[in-house]
Amino acid sequence: MCIFTGKFTPRRKEKTSCVNGIWRKLSSSMEEDEFFGEKTFQSFCAEFIKHSQQIGDGWEWRTSKDCSEGYMCKTHFQIKPGTQVSHPETSAHVQTCLPMEEALELPLDDFEVPETTTGSEVIKYEYHVLYSCSYQVPVLYFRASFLDGKPLALKDIWEGIHECYKTRLLQEPWDTITQQEHPILGQPFFVLHPCKTNEFMTPLLKNSRKINRSVNYITSWLSVVGPVVGLNLPLSYARTTSQDE
Amino acid sequence: MAEEPDSVLQLPPSTAADGEGPTEVSPETATPEPPSSAAVSPGTEEPAGDTKKKIDVLLKAVGDTPIMKTKKWAVERTRTIQGLIDFIKKFLKLVASEQLFIYVNQSFAPSPDQEVGTLYECFGSDGKLVLHYCKSQAWG
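Protein sequences appear in the order of chains A and B. Its first residue numbered 1, the first sequence is counted upward by one per residue in full-length UniProt numbering. Its first residue numbered 1, the second sequence is counted upward by one per residue in full-length UniProt numbering.
These are computed hints drawn from the structure, not numbers from a lab. Honestly, I wouldn't trust all of these hints.
As the list claims (entries may be wrong) - Capping the alpha-carbon separation at 27 Å, the derived lysine-lysine pairs in DSS-like fashion look like this:
1) A/Lys74 / A/Lys50
2) B/Lys90 / A/Lys206
3) A/Lys206 / B/Lys53
4) A/Lys196 / B/Lys128
5) A/Lys150 / A/Lys74
6) A/Lys210 / B/Lys69
7) B/Lys71 / A/Lys210
8) A/Lys74 / A/Lys196
Only a predicted model underlies this, so the values are computations on that prediction, with no experimental measurement involved.
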């Protein structure tokens, strides 16, 4: 299927792909890869954000100053327990990924940020989904900071990463998570490296073509990479990823 | 098309995953391994509403991922996706550098902490939960 036009490609003698609306011939090594352009990226993001709005998941679209580029972003706050915590029941939220989503439902005003309790801190997590022109895939940028703006180091963010990924990522973190300048904001963010994105997305997309079902690339991709950095998508997104048309 | 044996094999408890579990369960015999704790469950004969009732999970391979000889498993409701991933990786004898992903609806990866019981309630049909799995070297 041409992801850009949404139409299934007619049988062609040559394998071709449509990127940014431009058809080009694929070499045999490339035909297995799935690429898409910025417009397609934006269209999948729009679908994703639509569902996010329906369930109050907090994702928004932002554009660069000249509006030529855009990205998806979400901010959420998490209470990190210190040595003394006045609300012990919230400390459980830090240990596993899933309860973090529950914290999202509380508007910031309702957060009981204890002023007199020592050690308990609120951490602001930001997740941005941008399009990489060089890899032609989406990329996840993220950062965390305390409310006073002081950034968390990567080693502090590790605590929020699920155990199952820690071993793997800690072995070769430089291959996977790097610090880079946000292409639009120009500020330092951590980035989950996109070089292997096609490797796990391609079988999924091929499978969806086989069963004649369209898939929201962004939703599928984010469901895989998000948990690695503490971002879990509510299950309701799964219902919208594939719709028989 | 080869038919799966009708009886459902029981997923070994996670505590037995220190190399004991999958290698002892023989797909050919179709005899459930008696577990040390939970009751052996034929799956479909438990009374409805029993919270200990196991979920029938059908595992399907995507892409070049090896196909499991036994695809149908009875899994405790509280088993997490991560637990299932670890089990399949051991069963397929994947190396440490290979990642395994599990998908519902053939498109969405639930978080590692998600429980099979919850997934069954949301995506189960015909008394079972179909999960697709795919191996990949996603990082590094």
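Verification of the hints:
With a C-alpha separation of about 14 Å, the suggested pair A/Lys74 and A/Lys50 falls inside the 27 Å cut-off, and the hint holds. With a C-alpha separation of about 26 Å, the suggested pair B/Lys90 and A/Lys206 falls inside the 27 Å cut-off, and the hint holds. The straight-line distance between the Cα atoms of A/Lys206 and B/Lys53 is roughly 35 Å, outside the 27 Å bound, and the hint therefore fails. Distance check on the hinted pair: A/Lys196 and B/Lys128 sit about 32 Å apart at the alpha-carbon level, beyond 27 Å; violated.
Taking the CA atoms of A/Lys150 and A/Lys74, the gap is about 19 Å. The hint holds against a cut of 27 Å. For a cut-off of 27 Å, the pair hint linking A/Lys210 to B/Lys69 stands: about 23 Å separates their Cα positions. With a C-alpha separation of about 21 Å, the suggested pair B/Lys71 and A/Lys210 falls inside the 27 Å cut-off, and the hint holds. Using a Cα cut-off of 27 Å, the hinted pair A/Lys74 and A/Lys196 holds, with the two alpha carbons roughly 23 Å apart.
Going through the hint list in order, the structure does not satisfy hints 3 and 4.
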